[in-house]
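Asks: What follows is the residue order along each chain.
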Amino acid sequence: MDNLTRVTIDFDTSHLIFPTIIAIVLGLLGLAILVRDRAAILGSGRMWATTFRAMDKTRFFGALALTIVYFLLMVPVGNIWPNAGYGFLICSVPYVVALGLLFMHARTPAAIGAMLAVAVIAPPLIWWLFSEIFFLTLP
Amino acid sequence: MDLLAHLIDPWFLGLIFGGTLMGIVFGAIPGMTATMAVAVCLPLTFSLGLVNGLALLLSLYVGGITGGLVPAILLGIPGTPSSITTTFDGFPMAKRGEGERALKIAIIASVVGGLVSLVALYFFAPVLAQFAIKFSYVEKFLIIFFALTVMAALSKDMLLGIFSGVLGIFLSLIGTYDITNGGNGHTRLIPPGMEYWLDGGFALLPVLIGIFGVTVILEEAELGMPRGQSLKDIEVGPHSRFSFSVFRGQWVNLLRSGGIGTFVGILPGVGGSAASILSYTAAKTTSRHPERYGKGEPAGVIASEAGNNGLTGGALVPLLSLGIPGDSTTALLIGAFALQGIQVGPLFISQNIDTWNAMIAAMLISNLVMLVVMFFAIRWFAMVIAVPKQILYPFILMMCVIGAYTINYGIIFDVWTLLIFGVFGWIMAKLRLEVAPFIIGFILGPAAEIYFVKSLESFGDLAIFFTKSWIAVVLWVLIVASVAGSIAISRRNARMGEPSA
Numbered sequence: 001m002d003n004l005t006r007v008t009i010d011f012d013t014s015h016l017i018f019p020t021i022i023a024i025v026l027g028l029l030g031l032a033i034l035v036r037d038r039a040a041i042l043g044s045g046r047m048w049a050t051t052f053r054a055m056d057k058t059r060f061f062g063a064l065a066l067t068i069v070y071f072l073l074m075v076p077v078g079n080i081w082p083n084a085g086y087g088f089l090i091c092s093v094p095y096v097v098a099l100g101l102l103f104m105h106a107r108t109p110a111a112i113g114a115m116l117a118v119a120v121i122a123p124p125l126i127w128w129l130f131s132e133i134f135f136l137t138l139p
Numbered sequence: 140m141d142l143l144a145h146l147i148d149p150w151f152l153g154l155i156f157g158g159t160l161m162g163i164v165f166g167a168i169p170g171m172t173a174t175m176a177v178a179v180c181l182p183l184t185f186s187l188g189l190v191n192g193l194a195l196l197l198s199l200y201v202g203g204i205t206g207g208l209v210p211a212i213l214l215g216i217p218g219t220p221s222s223i224t225t226t227f228d229g230f231p232m233a234k235r236g237e238g239e240r241a242l243k244i245a246i247i248a249s250v251v252g253g254l255v256s257l258v259a260l261y262f263f264a265p266v267l268a269q270f271a272i273k274f275s276y277v278e279k280f281l282i283i284f285f286a287l288t289v290m291a292a293l294s295k296d297m298l299l300g301i302f303s304g305v306l307g308i309f310l311s312l313i314g315t316y317d318i319t320n321g322g323n324g325h326t327r328l329i330p331p332g333m334e335y336w337l338d339g340g341f342a343l344l345p346v347l348i349g350i351f352g353v354t355v356i357l358e359e360a361e362l363g364m365p366r367g368q369s370l371k372d373i374e375v376g377p378h379s380r381f382s383f384s385v386f387r388g389q390w391v392n393l394l395r396s397g398g399i400g401t402f403v404g405i406l407p408g409v410g411g412s413a414a415s416i417l418s419y420t421a422a423k424t425t426s427r428h429p430e431r432y433g434k435g436e437p438a439g440v441i442a443s444e445a446g447n448n449g450l451t452g453g454a455l456v457p458l459l460s461l462g463i464p465g466d467s468t469t470a471l472l473i474g475a476f477a478l479q480g481i482q483v484g485p486l487f488i489s490q491n492i493d494t495w496n497a498m499i500a501a502m503l504i505s506n507l508v509m510l511v512v513m514f515f516a517i518r519w520f521a522m523v524i525a526v527p528k529q530i531l532y533p534f535i536l537m538m539c540v541i542g543a544y545t546i547n548y549g550i551i552f553d554v555w556t557l558l559i560f561g562v563f564g565w566i567m568a569k570l571r572l573e574v575a576p577f578i579i580g581f582i583l584g585p586a587a588e589i590y591f592v593k594s595l596e597s598f599g600d601l602a603i604f605f606t607k608s609w610i611a612v613v614l615w616v617l618i619v620a621s622v623a624g625s626i627a628i629s630r631r632n633a634r635m636g637e638p639s640a
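Chain order of the listed sequences is F and C.
Going by the numbering used here, the letters in the first sequence line up with residues 1 to 139, in that order.
Going by the numbering used here, the letters in the second sequence line up with residues 140 to 640, in that order.
In short, the hints are calculated from the structure, not lab data.
The reader is advised that the hints may include incorrect statements.
[Unchecked claim] In silico SDA-like links for lysine to any residue, alpha-carbon gap of 25 Å or less:
(1) K569(C) with R6(F)
(2) K569(C) with A117(F)
(3) K593(C) with P149(C)
[To be verified] Coverage of chain F stretches by chain C, computed from C-beta distances (three or more under 8 Å per stretch; other residues unrestricted):
(4) 23 to 30
(5) 119 to 131
Glycine included, each C-beta is placed from N, C-alpha and C at the ideal position.
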């Protein structure tokens, strides 16, 4: 009886033991969900179709695209002046403006003015606080 | 430095004051949570040092949990998930023109709940830590296992909850099996081509900030940035005199709700909404007038708010005594400790008595600041609800980037992790997977692995998990009880749901 529960761990492959167990458990749970919710899973195509139809596509994908561009540009721009954090500073201002305009509903001069003020003041303030006062590395 | 020295340090006090204010603002804006406030401010703690950094984060936590009551009462929209039950009676009161009265009742209930849980934290955490020092790998593994079952049991759908938790563990194992913890230094589970980036796995904090910050903004963008509230929506009624007499006969309710909140906080992995729902239910079932609940009964507001603030101290108990976060906000605090190179666990309190005292002081002061500020400035605080989202969200995203980038001294992949998990969190919500179990699994996964493998390496026997000690047996009893209990609850819910469905 005792021998049934005995295990020996080979140190060289010990990094695979736990991931294997977790993968098996995950697979079993996935299978259980597959069996229980098969109707919902088969209908998931419809769920996604409804989601995308109801979605505000301009704002959702616009926000995603702007964020990706923001992340992509930050490092190359920052590398022009190494270790100064200017990449963050220079990219954040247009990012905040663009995202703000995208999210805004009634683009009245007052609303745009308030947003522009925030976009011009906030990133430099944050940049100054983090890179000059706290000495943190920014892109 | 002892407790007194902290109490007169202006920098320490200033951070608590600022943190509490900012927390209230985050909590008061629907869609933004205490967790988000802590996530956004994490990089600040880098340069503030541990004691001051924790003072900031803890006061954000206390303020954030409390701030949720403002829109809950004035608009009927919970500012944070934990203030859902506050809307049940707070909003009807506001509609009757008793907004200010409801707000003040809620504020005082919050402070009492916070103080009850602080007392529990102060006395209970060291005792539990003393006890937990004796734990071996086996008991530590079982505690994590227990945390995961409790958390899955309390999710909306148990099967999906457990799946989310295990998925979190799985993703946390990507990368190197860390040598510093006794691993063999080999890598695993890395998708081909990603070896360079994922050698150390996904960093915890960008994952957290992505799921709690970016996901929310994506969800709002998907809905087309629903128009926020205007100042007219939040006008407080004219004739809502508040007097302390409303608390007459409510002491039992206050203390019970604070106690329930604390207890729910101590259970690892259970969030704030469970605390307020349980204390609200308890108040309603023991009340002589249960029919008044849901129609503007002050006792309902008291129960809900004392309950969710009771969570704050309780959630720190497992964090500081076992190293296991009590909820998603305290999970972020682990990050703050990690940034300073401090391991939280059974030895934390005895080895860092200064930090421990400072944490207690910070939470105490933060509760008092919150009382004074909210009690006298509640009308002005209500205005933050009207800050336009087009200004708020770009700013939050910018702060998330700083948080992710600075956490590991400038790794751009961490910024991408933010986006990856922001989108992942959005997809999870669509698939009805649960974020809280996922996060707890992700945080505890690596520790679970070490404890599990080391247990087998040292004992060479699977039976050790049952036979190691009486503590192991007790933990198994708790695990079985939590699973059985939740199956019973979900069966009952299903049966009750049938006739109407």
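Asks: For every hint, state whether the structure bears it out.
Replies: Okay, the hints, checked on the actual structure:
1. K569(C) with R6(F): Answer violated: K569(C) to R6(F) is near 43 Å, above 25 Å.
2. K569(C) with A117(F): Between K569(C) and A117(F) the Cα gap is close to 36 Å, so the pair fails against 25 Å, i.e. violated.
3. K593(C) with P149(C): 47 Å, violated
4. 23 to 30: That given contact holds, which follows from 5 residues of the region 23 to 30 of chain F lying within Cβ reach (below 8 Å) of chain C.
5. 119 to 131: As far as the region 119 to 131 of chain F goes, the hint holds, because 5 residues have Cβ atoms under 8 Å from chain C.
Hint compliance for this structure: hints 1, 2 and 3 are broken, all remaining hints hold.
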